[in-house]
Amino acid sequence: MIDARMGLGPGGAIRFAGAGALVLFLCWQHVQATRLGYRVEAARREAAERRGRVEAMRFELEKRLSPAEVAVRASRLGMVPASPDALRRLPDDDEAARAAGPLQRLLSRLPARAALSRG
Amino acid sequence: MDLGLRLTCAASAALLPVLPLGLRLADLQVLRHGALETRAQGEFERVAEEAAPRADLLDRDGRVLARSVPTWSVFVDKPMVKDPAAFAAKLAPKIGVPAAEIAAKTRDAVRFAWLKTGLSEEQAEAVRAARVEGAGLAPALERVYPNGELGRGVLGVVGEEGRGLAGLELTLEKRLRGQPRRLEIMRDGAGRTIYKSVEDDGMTPEPVRLTLDRSVQYLAEEALRQGGEKGAFKSGVIAVQDPRDGEILAMASWPPNPLNNPLVQDAYEPGSTFKVVTALEAIEDGLVKPDETFSGEHGRYEIVPGVVITDHEPEGDMTLAQILEHSSNIGISKVVERVGAARFYRMARQLGFGAKTGVELPGETSGEVKPVAELTKVGLASSSYGYNVQASPLQVLGAYSAIANGGTLWQPKLLLDGRAPVAVRRVASDATIRQMQTILEGVAKYGTTANAGIPGYRVAGKTGTARRIDPKTHKYSTTAYNASFVGFLPVSAPRWTVLVVINEPHGSYYGAMAAAPIFSALGRRLLALQGIPPDAPEDAALTARR
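These protein sequence lines are chains A and B, in that order.
Letter by letter, the first sequence follows residues 0 to 118 of numbering that gives the first Met the number 0.
Letter by letter, the second sequence follows residues 0 to 545 of numbering that gives the first Met the number 0.
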């Protein structure tokens, strides 16, 4: 009826409907893109804000770990700088093994073997 | 008139007002489309820049020395402010600036003025919540130094626009500065931002790792601060270098000044620390035998008629080693007479004096070694004991590092960028260097430098004392001195070369009294820090302490 009155054939009606659908789709897409743009912008702001907070906390941490701050806290606890002659070096594992007798070496291996047999 | 014609006329009359509208529409949409679209885009679409943070500066272990953190700056838009006093009263508690100051800045502003920079996120939120008309917030990046003034002479300063003005912040400007990110955005009717796309991703620079060791830097600054705050001296510098590869571990100066690094930018007369130049050349070319003696003239030597060289203690005959142990000016003057100006000059240049070291810091001085033609007999003698020459503390440090490491002069290194250290040249043969090391160890053990000793450890070094030029008279002062000590430890496998220069010490002005104890105290802290075992465990002083 409408096609006939408007002078559109069946193909023309389909094209008209298709064009209408395309316009609607483009409008919908534009609205969605704008909505997404708002959301991205809000997320970007929030990310920047959180990044700022993380940086501020990192800065605070670094400040607290600075040698001057640590020295002040250590001196409050009664600590003093170590003198090199106050240091005692422990022998490393090879040195300790060489210093130990054969029986001690054998005994030191026992717990490890027991653990292996249980496993 | 038939009905059809009448209807056509009526329709035409009814549609007539639509015609200009149609024409106008065609004009706007077709003819002026391009221009109007550009104008609309200009009003609603913008390119926003998101500043890239400046790269972090890290110490050799990755600990932060300088960082850029996002902050907020608050500003006033003057036309929006009706009552400056009320505006200031409302804003003052939120940003921690006196109301009178805000009101004054607002009144003085032409259109716009910054009220405070460096606001935290919490402060910015408080300003937003207060909804003060005329106050605005702008994001900014602030350069912060979590260790306070630590190493600031090396790190330098960044200006208000975020550009380096001094120190490494200046020399590494290109490397530290990133490229801002550019975003296409739109603004809606309410002024809200709508993200559109990324135009340019920009570039966030990689952190830069330095050779500085935060702990060593702290110990060096602390050693100076203790004396400086008590007024024991006017100013001073300490530098610590790893002689194995030329890496700079610490550069400290008192009073601290981020705009100036006296270790690199200032030259001084190094005094007796320069005696090693003559001694090295004399040994290298076999001009002096180890057991050969030179007369100390009992403390007074008239080198040419009317020019007398004196020693602080009258000495008799001395070997080369004893000349350095007693720091005899007369003795070294006699040695340099034999060495000659040409050889002396050549060795001074070999050790890096009179040329820039190439360290990555701005404003480096090359110092000055007088050319052979200008070295008269008196000039050569005074040069041999460190007058008549100018050297930067870094040059002196480098020369002693070369002696410590077996003879390689390194280019001082401040950036830990994976590149191999640069060996400038070998300064002397292995045998000469070994002999020089033994002599300098003797200086620290038996000579003027006993105050530099550390129980249980082998230390080598040399003191220096030099009169300063009085800036008013341009002559040598009789009251102002430079006292210095430069040495390395532990001698068995040197880990550190340390230079201490104290300007205008109060009380005793000798390097042995003013600078050597600072070297010793710092050396102990370094040895304890790294847990280096004693290389002289039979040392009587160590046994007594235990």
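Just to be clear, a hint being listed does not mean it is correct.
Unchecked claim - List time: in silico DSBU-like cross-link candidates among lysine-lysine, alpha-carbon distance up to 30 angstroms:
#1 B:LYS115 to B:LYS93
#2 B:LYS233 to B:LYS444
#3 B:LYS77 to A:LYS62
#4 A:LYS62 to B:LYS376
#5 B:LYS81 to B:LYS93
#6 B:LYS104 to B:LYS115
#7 B:LYS376 to B:LYS233
#8 B:LYS288 to B:LYS229
#9 B:LYS229 to B:LYS81
#10 A:LYS62 to B:LYS474
#11 A:LYS62 to B:LYS93
#12 B:LYS444 to B:LYS471
If you are wondering where the hints come from, they were derived from the structure by calculation, not from laboratory data.
Each hint, compared with the structure:
no.	hint	in the structure
1	B:LYS115 to B:LYS93	holds, 11 angstroms
2	B:LYS233 to B:LYS444	holds, 29 angstroms
3	B:LYS77 to A:LYS62	violated, 38 angstroms
4	A:LYS62 to B:LYS376	violated, 56 angstroms
5	B:LYS81 to B:LYS93	holds, 19 angstroms
6	B:LYS104 to B:LYS115	holds, 11 angstroms
7	B:LYS376 to B:LYS233	violated, 34 angstroms
8	B:LYS288 to B:LYS229	violated, 46 angstroms
9	B:LYS229 to B:LYS81	violated, 54 angstroms
10	A:LYS62 to B:LYS474	violated, 46 angstroms
11	A:LYS62 to B:LYS93	holds, 25 angstroms
12	B:LYS444 to B:LYS471	violated, 39 angstroms
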